[in-house]
Amino acid sequence: MVEREAALTLRSLGKTQAEAAEAVGVARNTVSDWERGNNVETDNASIPDQRVSVPKAEHEAIHERHEAGETLAQIAADYHITRERAGQIARQVEARQNTPEPVTEDVPLFLVVGNEPEDA
Numbered sequence: 116m117v118e119r120e121a122a123l124t125l126r127s128l129g130k131t132q133a134e135a136a137e138a139v140g141v142a143r144n145t146v147s148d149w150e151r152g153n154n155v156e157t158d159n160a161s162i163p164d165q166r167v168s169v170p171k172a173e174h175e176a177i178h179e180r181h182e183a184g185e186t187l188a189q190i191a192a193d194y195h196i197t198r199e200r201a202g203q204i205a206r207q208v209e210a211r212q213n214t215p216e217p218v219t220e221d222v223p224l225f226l227v228v229g230n231e232p233e234d235a
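Numbered according to the working numbering, the sequence shown spans residues 116 to 235.
Take the hints with a grain of salt, since some may be wrong.
[Stated by the list, open to error] Quick list of the computed label-pair ranges, beta carbon to beta carbon:
no.: 1; residue 1: Q207; residue 2: G184; range: 17 to 27 Å
no.: 2; residue 1: G152; residue 2: N213; range: 47 to 57 Å
no.: 3; residue 1: E134; residue 2: E199; range: 47 to 57 Å
Bear in mind the hints are in silico, worked out from the structure with no lab data behind them.
Here the structure is a predicted model, which is why all the values come from computation and not from measurement.
For every residue, glycine included, the Cβ atom is placed at its ideal position computed from N, Cα and C.
Kindly generate the complete structure, drawing on both the sequences and the hints.
This is the structure:
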């Protein structure tokens, strides 16, 4: 079982259970089971879940792939996350894209409202 050996080696090198789990594509609790001597087969190992960190830089790519017609299951498999988490990320990006940019403090209020000050 290559994943088990790799995870245990990473742990012996000082990596956390979460880091080792992410590196080999299993959930953190699977690494914990392996450390306790439980012989969890990779096929039956817990799949990574929402706690697996997807870099913010990848969120846009997930959304774009889903918009292009790729299934959430395909995307989730590539990122070692659940289908639900992939959908959540895609929806978050969609919501951000549909949210208007806030008015910055540098913009004079009369430009936002449309009325100029009387002395202008």
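Hint-by-hint comparison with the structure:
For Q207 and G184, the Cβ-Cβ distance of about 19 Å falls inside the hinted range of 17 to 27 Å, so the restraint holds. At about 50 Å, the beta-carbon gap between G152 and N213 stays in the expected band of 47 to 57 Å. Between E134 and E199, the C-beta spacing of about 23 Å breaks the proposed range 47 to 57 Å.
Hint compliance for this structure: hint 3 alone is broken.
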